[in-house]
Amino acid sequence: MSPLRLALPGGALFEDACRLLTDAGVADADPHAFDRKLRVVDGAKSLVKVRPTDVPVYVEMGACDAGIVGKDVLWESPRDCYELVDLRFGGCRLVLAALEGSPLAAGTWPRSLRAATKYPVAARRFFDSLGVAAELIKLHGSVELAPIMGLADCVVDITATGRTLAANHLVEVAEAGRSTARLIVNQASLKTRSDAVDRLATALRRAVAPAEPDVPAAPPVRRAPA
Amino acid sequence: MSEVQSPTPGRAPGFSDWVGPAAERRRAVTDAFVDTFTAWGYAYLATPLVEPLTTVAAGVAGGSQTQLFRFMDADGDLLALVGERTVSVARVVATQLQGGPFPLRLCYSGPVLFNRPPLGGRRREAMQAGCELIGHAGLAADAECIAVAAAALERAGMGGVQIDVGHADFIPSLLDQAHLGPEQRAIVAGAVRRRDLVAVEAALEGTEVAEADRALLLAFPTLRGGREILEMAGARLTAVRPRAVIEELARLWDLLDGHGITDRAHLDLGAVRDWDYYTGPTFELFSSDLGFPLGSGGRYDRLLGAFGLEAPATGFVLHVDRCCDALLRGSGDETPRLPLRLGHSVRGAAGAVEIAARLRRAGHPVALDLESTEPPAGDVVGWAHADGPGGLRWRLPGKQGTGVDALLAELDAGRARQ
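Same order as they appear, the protein sequences are chains A and B.
Counting from 1, one number per residue, gives the positions in the first sequence under the working numbering.
Counting from 1, one number per residue, gives the positions in the second sequence under the working numbering.
The set of hints was computed from the structure by calculation and includes no laboratory data.
Fair warning: there could be bad hints in the mix.
[Claimed, not checked] A few chain B residues that don't get close to chain A, going by computed Cβ distances all over 10 Å: (1) F15; (2) W18; (3) A23; (4) G41; (5) L45; (6) P48; (7) D73; (8) Q96; (9) A126; (10) D276; (11) E310.
[What the hints assert, rightly or not] If we take Cβ atoms under 7 Å as the criterion, some of the chain B residues that face chain A in the derived model are: (12) Q162; (13) R195; (14) L197; (15) V198; (16) P221; (17) T222; (18) F286; (19) G291.
Glycine included, C-beta positions come from ideal geometry on N, C-alpha and C.
Same shape as in the complex, but just chain A (with noise of 0.2 Å):
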């Protein structure tokens, strides 16, 4: 049998991701020895490292039988794919932050915004959720910077700490999401190699099932603003 193929996101998630494999028992995955190529085959698996957003590329296409990837790529862009575990590392909210001092930040909703985001469609969610008509800018970096510049009355960002918004005089009005690393299986493989994937789902369940549930999985529904 072939290996079964892994993609895993480069970045903030990728060493806690290396770890989760190698401690569940899965592969032995270090995260150096990607250090100069892309691929690295332990055994029975195949591990990729590709950027996050090109995980569920992966998988979808059936390049990668199953892939770790943050929850909050696949509500950019949701594929064919099953969702299976919930990895618990990688936390982070999906926030609107508006500038110290601005009525947003007191609570006082306008009767437009305009927000910057790299995140539209689930701002887009949220924002409909809260039926606020609010305008999107989407932006690929730096979001932040948009309202001190004047080009958004706020943002709807990833936070982790909090403390990048805090540096740049953003607070947090409202939380739109929570996301955490997930895992996800390709629809065929799922079906053709079910043996190999759910010793997989199970040794990553088994790895991560002692800490309790902080995260839960549906961004919650705010209630609509007075």
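Once you have looked at the hints, place chain B on chain A.
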């Protein structure tokens, strides 16, 4: 500096040309499918590439309509390029074939189009071939469709496919017996539909679903196996409806056994399909060489009703292009069968026409040189000369011979070896 110009005439992104062996493979697979369908008594039917949007909407949920190419004709009517052909067949049956005789066995092949963004790696035009068996509500019809699909794939060179048989009513019946509120039920059903087990788990948290039901719902992606899985699931079920599903699948399994295809079949109770469309047994076909199903089908007893004809129906579609992908990955690029090239001398030209006709009648493609040569050019397989014994001097790699009969024998032996 001048503007950069496109080096070649443009082709719309997401669409493919089919040239050479790929084109031949695609045609051969389509032919193998349709030949199988007709061999099982399914009458071939051709439907248009364009349907009114209202017709398409009968089979395609609102959200998926955005994946269709839609446009307006001169009268202002909304039209769509078809994204699947079952609805078209249903429309024909409900209008022109409503008198039967039922059961009607119909098959089709043709392209379908999707207006999905390019660069996603998914095709925007795909060849599909499929069957519809209309007017029979029994499981024998469902079993026949699965058997036809398996036979068609086998004839096209894909004998090792995996058949996953499920039932459209199993998960909905579990949801109903779980006593969820309407809102919670919708959330859980939506999560199952998205194949998001994490969200199913979260949605069931804090509900008063019985532990056994919860365990079954959370196990949905793994409720797979042979006939034994039915007993396992049946033992955990008390409600009438899910038990009825289990019994139906048991009977279907026995019918599939009769068709001799349970060696490659699995029962998949957690199969996630469009529950609004399918009403009974469903199935999907997988190859270990491809990340997408090669085909899928199932019972859809409500669709004909949307066109005013109450009739049960079941059917399936095979994705020709995905099958070609799987063939290519499974066996590598096989050498295509090139036509024989037949050359001739000036005096042998007339005889060469006859020899070519004889070879073609025997099933060998032959391209006759348009101009006479003297002596035979290097890669000419046959070279006809009026003076040669039997009218032909021929050459195959490493061989030399003299007559048409010898050439035919050699060609047949070569074909038998393939």
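Verification of the hints:
no. : hint : in the structure
1   : F15  : holds, 18 Å
2   : W18  : holds, 20 Å
3   : A23  : holds, 23 Å
4   : G41  : holds, 30 Å
5   : L45  : holds, 30 Å
6   : P48  : holds, 28 Å
7   : D73  : holds, 32 Å
8   : Q96  : holds, 36 Å
9   : A126 : holds, 15 Å
10  : D276 : holds, 18 Å
11  : E310 : holds, 33 Å
12  : Q162 : holds, 6 Å
13  : R195 : holds, 4 Å
14  : L197 : holds, 5 Å
15  : V198 : holds, 4 Å
16  : P221 : holds, 6 Å
17  : T222 : holds, 6 Å
18  : F286 : holds, 5 Å
19  : G291 : holds, 1 Å
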